[in-house]
Amino acid sequence: MSPAAGGCEEPGTGVPGTRAKFSALLEDSAEDLYESAPCGYLSTMMDGTIAKINATLLGWLGLSRNEVVGRMRFTDLLTVGGKLYHETHFAPLLRMQGHLGGIALEMRTASGSRLPVLVTSTVKKSDDGEPLLIRTTVFDATDRRAYESELLRARRTADEARRQAEADRERLREALAVLQQSLLPAALPDIPGVETACHYHTASAMQLGGDFYDLFALDDNRSAFFLGDVCGKGPQAAAVTSLTRYTLRAAALHEPDPVANLRVLNTVLLDRYTGDDPRYCTAVVGVLERVGETVEVRMAAGGHPPPLVLRADGRAEHLPTPGGMLVGALPAARFVPVRTTLRPGDTLLLYTDGLTEARTGPQRELYGDEALKSFAEALAPAGPGRVIDALTDLLRSFGDGLNDDTALLAIGVPARTDPGRRTSA
Amino acid sequence: MSIHRRNNVRVTGRATGRTIVLVHGFGCDQNMWRLVEPALAEDFRVVLFDYVGAGRSDLSAWREERYSSLDGYARDVVEVCEELDLRDAVLVGHSVSAMTCALAGEAAPDRIGSLVMVCPSPCYIDEDGYRGGFSAQDIDELLESLESNYLGWSAAMAPVIMGNPDRPELGAELTNSFCATDPEIARVFARTTFLSDSRKDLAKVTVPTLILECEQDVIAPKEVGAYVHGAIPGSELVTLPATGHCPQLSAPEATAAAIRSFVSALGR
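Residue numbers (numbering that gives the first Met the number 0), protein chains in the order written: chain A, 0 to 424; chain B, 0 to 267.
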């Protein structure tokens, strides 16, 4: 078919006369495109006075052209919040940049309702760069704003949940700290003729530690002490610690015999934790007895690292307790006694394995008993205060190599040459 | 931390001239003065800075307690003056900072010799015969609007500012200025600004004071300009041929000229 014969048909129509309609559609007038565009158009003078506005926006706002053109400023169309936002953010930026887009504002309609909109503005300038007027397009953002509100709401909920969780965590931490304190003596008592010092390192503020120690007077001349380590951590270990502490206290008051005291504890733990939930601990238990200016120490240990003595003459020695068994593991457990005499200037150090099993150096090696002995030799002679201070610094130097709880208890007899030390005699 | 770095202090202009400190208000940073700064710099030494929390200040120095009252902002002004050891300086405060500067002048009278208040308002809320232009409800609505709009600040404004083709050097600066404004900080500044009532402080202003207002200003209408003028004894009121709340941007020449003639008339 030649075009001359049959005329040009639009594809798919085939019906004479449709072509004219289609052309008419294509020749959508600029005027109609402006007035009936699917977005709002607005032109304002530089002072904000509205000079031109399209029918779409007038329709959204419920206003007539006469009410608006030459009578209202752009900000008059905004809510109060929108006005302030416009004056403090929108207008300054537009002045400085000549263009600004995608700004979320709210317009106020004639009926008093709010219309969430997204606004984009451009400053039209003269050839010599003088700003002449501001052209603005306005998009209905009702759905978009509802979506954003949902996001904001979700964010607030999440923020609130996070704050709550942090507060809960803080409360838990405080409760744990109080509980932990309840498992240790608030302060060591004054024992006549004896100096003492202690330190407790908690590996995690969120986890109750399993180490324990205590020191208390039995009568005018004698006092008892113990230090140990319950297997495991957390609330279950804390319950064992509590039971252990009060059992040892009661046993020592009843009969100041360290081996017997450990046997009592062994029985109590076995009796309390039966079957598939065995609970046990390692411990050193001892009795101090003042004899003149020296102190006799009788101890017994079960499965615990050996106590260390720093002598007044500069030596340091372990007091081994070979064959001592875990407390609470077996009915017929064996506990090993050991004795020593503390003379003026001597200091007995008890510790848990957090100290000797700390990881050090680039190879992350165990710190170990021998290194501790060397450390003590370098330190000796030293009173309990200095020993604990030096070991506290040592623990700190381990950094994250120290990953277990650590309890330290030092008991010494004041050196004769140092009258400045604490004695309650 | 030096105040210089904390408040992003910038000193320009004639080193031997009288010192003018330009103090920005809520919503923007020291860039607000970019169009008047060159004119003032010809004759004066010009100091610009950002409040802690705005522009390129050190955000880590921001504390909610401090910046929840205008006194906190006034301390920033005083500390900048102290850092530069200023004497008899002219403080030019825009919007809420007009009141901040009045408080600063009271706190450091040796350092601050005169005030220029640009579109000041001592109280934005109508109350007992006073007309601030807004109701308490309006301010609540603004705070609500600001709170729900902060997505717009970061997400909607940033790409536009960054994509500014004809003045790229402006882009980076403004992007930092506006996008670095933590929504939390902006909310606190907005609350502090629009819920403040500093009317009692106006009578304590004893230094020479110039009040600049615009013919049409939604935030600080002319009644408020007249109120401030009446409350500060001996103050001078100039109405600039400008609309909006930022004459330093919409009418920079007239603004600079008014400041210049006021400062030039001050004794040395």
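Each hint should be verified, as a subset may be incorrect.
[As the list claims (entries may be wrong)] Below 20 Å or equal to it, Euclidean Cα-Cα: the simulated EDC-like pairs (lysine to aspartate or glutamate) are: (1) 124(A) / 147(A); (2) 124(A) / 235(B); (3) 199(B) / 181(B); (4) 203(B) / 82(B); (5) 221(B) / 75(A); (6) 221(B) / 31(A); (7) 203(B) / 70(B); (8) 20(A) / 31(A); (9) 51(A) / 75(A).
Source of the hints: derived by calculation from the structure; they are not laboratory data.
Which earlier hints can't be squared with this structure? The structure conflicts with hints 1, 2, 3, 4 and 6, although it agrees with all the remaining ones.
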